[in-house]
Amino acid sequence: MTNATLSRRKSQLTKGKLPRYTVWVVLGAAVVLAAAVSALVGFSIVSWTIFAAVFFVAGATIVTATVEGGRKATDSLATYLVYGCFLLALLPLLSVIWTVLERGLPGISYDFLFTSMNGVTGAVDNDAAENGTPVLGGAYHAVIGTLQITLWATLISVPIGLLAAIYLIEYGTGGPLTRAITFFVDVMTGIPSIVAGLFAAALFGLLFGPGTRTGFVAAVALSVLMIPVVVRSTEEMLKIVPNELREASYALGVRKWRTITRVVIPTAISGIASGVTLAIARVIGETAPILVTAGFASAINWNVFSGWMSTLPTFIYYQILTPTSPTSIDASTQRAWAAALLLILMVMLLNLVARLVARMFAPKTSR
Amino acid sequence: MSKRIDVKDLNVYYSKFLAVEDVNINIEARSVTAFIGPSGCGKSTFLRTLNRMHEVIPGARVEGEVLLDGDNLYDADVDPVTVRSQIGMVFQRPNPFPTMSIRDNVLAGVKLNNKRISKSDADSLLEKSLQGANLWNEVKDRLARPGSGLSGGQQQRLCIARAIAVSPEVILMDEPCSALDPISTLAIEDLINELKSEYTVVIVTHNMQQAARVSDKTAFFNIAGTGKPGKLIEYGETATMFSKPAEKATEDYVSGRFG
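In the order they appear, the protein sequences are chains V and W.
No gaps in the numbering here: position 164 of the first sequence is 256 in my numbering, and each next residue is one more.
No gaps in the numbering here: position 107 of the second sequence is 104 in my numbering, and each next residue is one more.
In case anyone wonders, no lab produced these hints; they're calculated from the structure.
Hints may be right or wrong, so weigh each one.
[Stated by the list, open to error] Using 30 Å as the maximum straight-line C-alpha spacing, the simulated DSBU-like pairs for lysine-lysine come out as follows:
{"hint": "1", "chain 1": "W", "residue 1": "116", "chain 2": "V", "residue 2": "348"}
{"hint": "2", "chain 1": "W", "residue 1": "112", "chain 2": "W", "residue 2": "193"}
{"hint": "3", "chain 1": "W", "residue 1": "5", "chain 2": "W", "residue 2": "193"}
{"hint": "4", "chain 1": "V", "residue 1": "348", "chain 2": "V", "residue 2": "331"}
{"hint": "5", "chain 1": "W", "residue 1": "112", "chain 2": "V", "residue 2": "331"}
{"hint": "6", "chain 1": "V", "residue 1": "164", "chain 2": "V", "residue 2": "107"}
{"hint": "7", "chain 1": "W", "residue 1": "228", "chain 2": "W", "residue 2": "245"}
{"hint": "8", "chain 1": "W", "residue 1": "125", "chain 2": "W", "residue 2": "108"}
{"hint": "9", "chain 1": "W", "residue 1": "137", "chain 2": "W", "residue 2": "193"}
{"hint": "10", "chain 1": "W", "residue 1": "0", "chain 2": "W", "residue 2": "193"}
{"hint": "11", "chain 1": "W", "residue 1": "241", "chain 2": "W", "residue 2": "193"}
{"hint": "12", "chain 1": "V", "residue 1": "348", "chain 2": "W", "residue 2": "5"}
{"hint": "13", "chain 1": "W", "residue 1": "0", "chain 2": "W", "residue 2": "112"}
{"hint": "14", "chain 1": "W", "residue 1": "5", "chain 2": "W", "residue 2": "241"}
{"hint": "15", "chain 1": "W", "residue 1": "125", "chain 2": "W", "residue 2": "193"}
{"hint": "16", "chain 1": "V", "residue 1": "331", "chain 2": "W", "residue 2": "108"}
{"hint": "17", "chain 1": "W", "residue 1": "112", "chain 2": "W", "residue 2": "137"}
{"hint": "18", "chain 1": "W", "residue 1": "125", "chain 2": "V", "residue 2": "348"}
{"hint": "19", "chain 1": "W", "residue 1": "125", "chain 2": "W", "residue 2": "112"}
{"hint": "20", "chain 1": "W", "residue 1": "225", "chain 2": "W", "residue 2": "5"}
{"hint": "21", "chain 1": "W", "residue 1": "0", "chain 2": "W", "residue 2": "228"}
{"hint": "22", "chain 1": "V", "residue 1": "331", "chain 2": "W", "residue 2": "13"}
{"hint": "23", "chain 1": "V", "residue 1": "348", "chain 2": "W", "residue 2": "13"}
{"hint": "24", "chain 1": "W", "residue 1": "108", "chain 2": "V", "residue 2": "348"}
{"hint": "25", "chain 1": "W", "residue 1": "116", "chain 2": "W", "residue 2": "137"}
{"hint": "26", "chain 1": "W", "residue 1": "5", "chain 2": "W", "residue 2": "245"}
{"hint": "27", "chain 1": "W", "residue 1": "108", "chain 2": "W", "residue 2": "193"}
{"hint": "28", "chain 1": "W", "residue 1": "225", "chain 2": "W", "residue 2": "241"}
{"hint": "29", "chain 1": "W", "residue 1": "112", "chain 2": "V", "residue 2": "348"}
{"hint": "30", "chain 1": "V", "residue 1": "348", "chain 2": "W", "residue 2": "0"}
Throw the hints in and build the complete structure from the sequences for me.
Have a look at this one:
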């Protein structure tokens, strides 16, 4: 009975609150007002959006301030500003994805994915432009180059990075060596990628004669960029493995190295794996170090130890800068955009793999 | 199985800081010894020196002798790994390995050391250890499930099963019940009583009723003040320690008139 009476009257606890639909009313008013104001200064979508956003944030804050008070007004102002920044940050991303999809998608075909540029000359492109024959040539060789060079870079950097991180966290005692490694890893993080490329080119020039350009040299250049990322992320992951687990293992009479390989690393493996994958994603798009170390090829080359190689970024670079046919550059532009789309897809795929790996290896906690 | 421990003139340091000073204590085989005392008095630190876990902390070191059936743990040639495989430890917070199943957790001491063990031997060791930790009936249907899915009390008993699976001589327990509810605490106390018949058990506890219930002998540690080293004040039969202790400080502490 008391319940029935209680439910009929309005709760005292929600007194002085704005109804939920207020936000939408304010938004509608702001949009209409903004249309009017932007019509005064010369209508465009951009000015309309900006005015609407400003009016909405101001309006919502003022309405909240008058009805609900200062604390709530500050809260709503901050909330809408955060939303606004989020949308603003999303804008370039969406724009890039949209542009690449729009221009790259027409270029993606079986031919593009599974043939190289070998034998594709300006004449072929001119033919395609004049007679409407299909655009020949593709990025198969660049895809192979990207995968091979990145694979070798990973094979070099992961063991070095992993072991360096294990030394820093598990064995390092804060002495000069630990501090030196940490310092140089920090310095390496800041190396411009072209410098890494020149380093690898110079190193191999000294060892095997000037002008040595192979996929492997590029892999070394990329691993210079990758190692600090792997060290840093692995370090962070090893740090968060609770010390209790190490002690539990020692207390069972397990040796330190075995504790690290069998307890510490399995516990941190999901984070390490996703860190490595993100490091790969970071270097897969590098252009400058590849240009000076692997040269440029238009034919398929599976061997990283001899001959020049192309990767998707260098393929894009050359297609734009030196179109295959100087007179009808559309074919080259189309190939470049398609390659860009392919590269983005590869990086997205890698990030997806990183998440799957992280989930797969994550310590199980279910009952 | 089970050996006695004799400690002679032991000083325990964290780098330059003397944490525990001049401890002499004889711990009988097949008995339960409880360490009591206020927080920070060095009970846990001292316990960890008994299986050389103290030195895992950077800068930590020890002076003096700890004799396990007459053999000094701190002799220069002694491998701490050998010591730890004979003197097991259960920690304050249950710490099963999160990546391992219940079965693998119990067999961790064997598997992590890459010892060869046949499946039937492993199964019988698994059952024996879990029976020994009073956990078998609760987990026998879910041995392949992760150990971290158990309740806190079950996890702690899993850690005890893991410790006894390597068949140690001595089991050290560092406040094993401080994170557990009264029912799980009771289960662990019953277990300690059973373990006594086969192992030497040393337990650190803040709970004086617990010390009175489970231990044969009790050692009381105290510090004069912050920054001063902890000392062993009195060591004797538990019944005596709680009824008519020799030292005033012990009497004040066990009767709750401390400070």
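Of the numbered hints stated previously, which ones are contradicted by the structure, given in increasing order?
-> Violated hints: none; all satisfied.
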